[in-house]
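Chemist: Quick mapping for you: the protein sequence lines, in order, are chains A, B and C. According to our numbering, the stretch in the first sequence is residues 5 to 191, in order. According to our numbering, the stretch in the second sequence is residues 4 to 303, in order. According to our numbering, the stretch in the third sequence is residues 450 to 550, in order.
Just so you know, the hints here were simulated from the structure itself, not pulled from any lab data. Here the structure is a predicted model, which means the values were calculated and not measured. Using N, Cα and C, we set each Cβ at its ideal position, and we do this for glycine too. All the given hints hold, so there is nothing to weed out.
Computed spacing ranges between beta-carbons, pair by pair:
id : chain 1 : residue 1 : chain 2 : residue 2 : range
1  : B       : Gly16     : A       : Thr27     : 42 to 52 Å
2  : A       : Ala134    : B       : Leu55     : 48 to 58 Å
3  : A       : Ala12     : C       : Ala505    : 25 to 35 Å
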Amino acid sequence: MLTDVTLAVLGVLAVAAGGAVFTVDSMARATYALLASFLAVAGIVLTLDLTYLAVVTALMMTMEMAIMGVFMVMFMMNPGGLMPMTMMHNTRGAAAVGVAVFALLTTGIWTIDWPDARGRPSRDSTHQLAEALMGSHMLVMVVVAAALFATIIAGTVLATHRGRYDRFGPNLDARPPRDPIPGGLPR
Amino acid sequence: MGEAALVLLVGLGLGAVFAATDHAVLTADAHGIGVPIRRATRLLLTQRRTTLAPDRLLWRIGCVAVPLLAFGSLAVVPITGSSLLSTTADLVWFNTMEVLLWGAVWLAGWGPNAVHALTGGYRFLAQGLAYELPLMFAIITAGLGAGSLNAESVVAAQDGMWFVVTMPVAFAAFLLGAAGFAFWGPLSAPAGADIAGGVMSELSGVDRLSVEAGRAVFLGSAAAMAATLFLGGGHGPWLPGTAWLLIKTLLVIGAMILAGRRMPVVRPERFMDVAWIVLIPATLVQALAVALLVISGYYG
Amino acid sequence: MMLEILLTFAAALIGVGLFGALSQQSIVMIMMGLELAVNGVIVAAASAWYFLTPAAPDAQVLVVLALVVMAVEMAMGFAATVAIYRARQVDTVDDAKDLRG
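Looking at chain A on its own, in the form it has when it is part of the complex (with noise of 0.2 Å):
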């Protein structure tokens, strides 16, 4: 009955942060409404015994809301929210996007008639994770480390606007390289 009680609340705090994030002036706030709708998820994933898991989702996005509110802040007009204005289009259409999925998938949850838990419940949640990712699931673990490696290389390249020739000058024989910050070793 209590675990039903926090579920619930939890439930209704990420929805309520969720919908604060497109509704909220300040970018800065926008940003931490969203995170605090990811530690309500967390709050609710650990309510549901996968301790692991909410754990590493609430340091995650953490970290990416963080870094999201630097970028908010560079990219947006209205940062702080003391002039009031919205970027917004076809806000219309895009509600009833929203309203008709929200709609659809609300009508098949209570609709269908869903089956009981198949087995016992794993005690040791955590383990049960990483013998699936180190074991019976491992394709998942080796595509996910090839993904991730070609974002953070896709990403750099994509993100830095100098090459090595902006850095050792046209013949490549600039030392030290022309860096715009120095850094702490030698190069």
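Given the structure of chain A, go ahead and fit chains B and C onto it with the hints provided.
Modeler: The following block gives chains B and C in isolation, referenced to the frame of chain A:
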């Protein structure tokens, strides 16, 4: 209930010891534990000043979160042999508390709507990107050696030998990370004097007390975690486990202050180079070495 | 009963996220909408694990995948935003419809 009170008490005690020792080393003024208590009382009584158009909600959240996270991180340290929150992912929990600090410190810098405070918040994030990965690898190396993410199991796995013997690099990276997330000592650039105190510059009264005390408790809690992960926790002859853990924690605090206060403050962009080119490969090699030892059955 | 309620929360998160991703002009805000939608997926997968298949790890692995999707989405999104801003000082999708139709 008693467990929670114990965590609170130990956290405050370790934080006060850290603050007092730090103060004594910096000023050669050995008034011991009285200094942080006097300072806390004064801050508690001082009226808060404010700035023009602050984001009060986020500011308060940031300030309050710092001590809460500090106590949250201490909750997974097995002080009496068992911890307040014993989960199957204690080490990740500790890591998460420390990462939530990214948000808290940035909010404390963003809230007052002041340039130096915001600069400090940005510096904290930049520094976080540098120390975070070595710190994560260091924590996970201890978990790797024990074959468990549970702090009590990590202590139990050090029955014969402390992990620091086979994981010296991880131990050092952990303490460096602790200095980083508490923006203290060589990594105190987010609160640096060159930006008039950075994230701390606009804090006064209760807010300042909250952040300063939270930072001290976090440093004490990190020392306790270092003793738990690498120095065998409560293992030791004659004395009870709790006493051993506290003795080791105090020694780690002493070592941190002794080493940390000998170094100059490092600029974030310089530290970034060192962290990514030296520390990350070093901690990865450390993790690889431990993994090979685990496979060879060294840890039993 | 609780499964349906939790899945409804998940559907609400997906709906709100979709609304945000479709209605916002700023590229960074669109990414926040997408993240919110994936957040709903995490709720759905976690409750499916607890209420339907607690003995199998598949739903847990799905949560891991959702986390990775968010990380990849954010990293590539920021990289693309920085790249297009560097090239043309563009930070909204309305100014970046060169590939349209």
